[in-house]
Amino acid sequence: MNNETVIGLSRSDKVIIIVFPPIIGALIGWFIPTIAGWLIKIPFIPLEKLFQWLASLDGFLVSIIGLAIGVIAGILFTMYAFAETLKVTVSDFNVKLLIKDRVEIFEKKDVATVFMRAKQLIILGLDGMELYRAECESKKEVVEEAFTHHGYSWSNKDPFENQYYRWVDDHPDFTAHINTLLSVRERALKKGESDEAEVLRRDLTHLGIVIHDKDERQYVRMVRGDDK
1 MNNETVIGLS RSDKVIIIVF PPIIGALIGW FIPTIAGWLI KIPFIPLEKL FQWLASLDGF
61 LVSIIGLAIG VIAGILFTMY AFAETLKVTV SDFNVKLLIK DRVEIFEKKD VATVFMRAKQ
121 LIILGLDGME LYRAECESKK EVVEEAFTHH GYSWSNKDPF ENQYYRWVDD HPDFTAHINT
181 LLSVRERALK KGESDEAEVL RRDLTHLGIV IHDKDERQYV RMVRGDDK
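All residue numbers for the sequence shown refer to the working numbering, where the first residue is 1 and numbers rise by one.
There could be a bad hint or two in this list.
What the hints assert, rightly or not - Below, in silico cross-link-like pairs of lysine to aspartate or glutamate (EDC-like), each with a Cα-Cα straight-line distance of 20 Å or less:
(1) K190 to E161
(2) K190 to D169
(3) K119 to E145
(4) K87 to E130
(5) K87 to D170
Unchecked claim - Now the in silico label distances, taken between C-beta atoms and shown as ranges:
(6) I16 to V168: 41 to 51 Å
(7) D170 to K49: 46 to 56 Å
(8) V184 to V19: 41 to 51 Å
(9) E107 to Q163: 39 to 49 Å
(10) F106 to T34: 45 to 55 Å
(11) H149 to E104: 45 to 55 Å
Just so you know, the hints here were simulated from the structure itself, not pulled from any lab data. Quick caveat, the model's predicted, so the values are computed rather than measured. Glycine residues also receive a C-beta, built at the ideal position from the N, C-alpha and C atoms.
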């Protein structure tokens, strides 16, 4: 008897991701001289000389090479899409989460509540701290069904929703170190540096600070004051 439920890309999603990128890449590669010819007619287009060179190419061999490169590019995109998609395996004993070759496992006894905010799957620990947060492409109803089926507590919203407040520079509730990290992170948000913002969010989580981003602003709640 299978006592696990896997959440991730649906079968139709997988078919689309596997089939369409190589086909689209092949079509673009085959017609690249023609496409480049259209592009050079656009005023002030970047890389104009490159497109002029591509438009000047002609012949069956060029189309074959372009098609091959397009197919390879499509396959690489497919591999990237699979690597970037969260795969969740829920069992009666634990939750296994895989993304970007990074695996994290949380025992059921350590999980207090699971919920989704927009497209983010969030797992809370017994102390109210975030154990995990990541983008999840599956529908909320599918995720909820998987967790409730295996006996996990599910919430339709953040159970601590009313405890968040807007962070401002030199907030009196936080140490200078935490305020500095939050300041650096807010600058990263405004610059669109999502990877840096995510790293800093995790660092702050270890210090007992849970963050909810909204309109490039940080709303925070403090679970504990472990500024170590």
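Inset, instruction - State, for the Cβ atoms of E107 and Q163, whether the hinted interval 39 to 49 Å holds or is violated. - result: Violated, at about 26 Å.
Legend entry - Beta-carbon spacing of F106 to T34 - inside the hinted bounds 45 to 55 Å or not: holds (53 Å)
Legend entry - CB-CB spacing for V19 and V184 relative to the 41 to 51 Å hint: Given about 43 Å between the Cβ atoms, the range holds.
Inset, instruction - Given the hint that K190 pairs with D169, test it: the Cα-Cα distance must not exceed 20 Å. - result: holds (15 Å)
Legend entry - Pairwise beta carbon distance, D170 to K49, judged against the given window 46 to 56 Å: For K49 against D170, whose Cβ atoms are near 51 Å apart, the range 46 to 56 Å holds.
Legend entry - Holds or violated: K87 to E130, with C-alpha atoms at most 20 Å apart: Between K87 and E130 the Cα gap is close to 19 Å, so the pair holds against 20 Å.
Inset, instruction - Could you tell me whether the CB distance from I16 to V168 stays inside 41 to 51 Å? - result: holds (44 Å)
Legend entry - Hinted pair K87 and D170, Cα distance within 20 Å: It is violated: about 39 Å lies between the C-alpha atoms, which goes past 20 Å.
Legend entry - Outcome of range test on Cβ distance (H149, E104; 45 to 55 Å): About 21 Å separates the Cβ atoms of H149 and E104, which means 45 to 55 Å is violated.
Inset, instruction - For the pair supplied as a hint, K190 and E161, confirm whether the alpha-carbon distance does not exceed 20 Å. - result: Violated. K190 to E161 sits at ~23 Å, over the 20 Å cutoff.
Legend entry - Given pair status - E145, K119, alpha carbons within 20 Å: holds (16 Å)
Checked against the numbered hints listed earlier, the structure breaks hints 1, 5, 9 and 11; every other hint is satisfied.
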